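Chemist: Residues in the sequence shown are numbered consecutively from 1, following our numbering.
I should point out that these hints are in silico values taken from the structure, not numbers from a laboratory.
Predicted model only: the values in this text are computed from it and were never measured.
Hints are supplied without guarantee of correctness; some may be wrong.
Below, in silico cross-link-like pairs of lysine to any residue (SDA-like), each with a Cα-Cα straight-line distance of 25 Å or less [unchecked claim]:
1) Lys52 - Val10
2) Lys20 - Phe34
3) Lys8 - Glu57
4) Lys8 - Ser22
5) Lys83 - Ala70
6) Lys8 - Pro42
7) Lys50 - Gln61
8) Lys20 - Pro42
9) Lys78 - Gly65
10) Lys52 - Phe34
11) Lys50 - Phe34
12) Lys52 - Ser63
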Amino acid sequence: PGIAQENKLVGAVFGSSVGKLSKVIEGATGVYAFVVVGFANPAPLANMFKQKQTMIEGITQRSLGAAFQALQDKAVIKDNRVKFY
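Make the full structure from the sequences, and use the hints.
Modeler: Below is the structure:
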C-alpha cells in the first residue's frame, strides 16, 4: 500500500477463481502471483451522504485548482516591481 497502484493486479484478482494459483502478472513496480482465499462482502456504509459530499468537495477543489493553474501557465507576466521599489 502506498507504493503504486497496480491496476493489472487488481483486475486479475477480481477476475480469479477461489483457490487457484494465478498466472504471473507484470505490474508497474513488480511481478506478482497470488491465490485468492475467498471473497467477503464489505460492510454497508454508515453515512453514504457524508462520504458523497466529501468526494464532491474534493473534486470541486481539484477542478478549481486545475483551472487556476491553467490560467497561471497561460499568463504572460512582466515583472515591473523595480520601477516602484
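Chemist: Determine for every hint whether it applies to the structure shown.
Modeler: Results for each hint:
no.: 1; hint: Lys52 - Val10; in the structure: 24 Å, holds
no.: 2; hint: Lys20 - Phe34; in the structure: 8 Å, holds
no.: 3; hint: Lys8 - Glu57; in the structure: 29 Å, violated
no.: 4; hint: Lys8 - Ser22; in the structure: 12 Å, holds
no.: 5; hint: Lys83 - Ala70; in the structure: 28 Å, violated
no.: 6; hint: Lys8 - Pro42; in the structure: 22 Å, holds
no.: 7; hint: Lys50 - Gln61; in the structure: 17 Å, holds
no.: 8; hint: Lys20 - Pro42; in the structure: 22 Å, holds
no.: 9; hint: Lys78 - Gly65; in the structure: 23 Å, holds
no.: 10; hint: Lys52 - Phe34; in the structure: 33 Å, violated
no.: 11; hint: Lys50 - Phe34; in the structure: 35 Å, violated
no.: 12; hint: Lys52 - Ser63; in the structure: 17 Å, holds
Of the numbered hints given earlier, the model fails hints 3, 5, 10, 11; all others are met.
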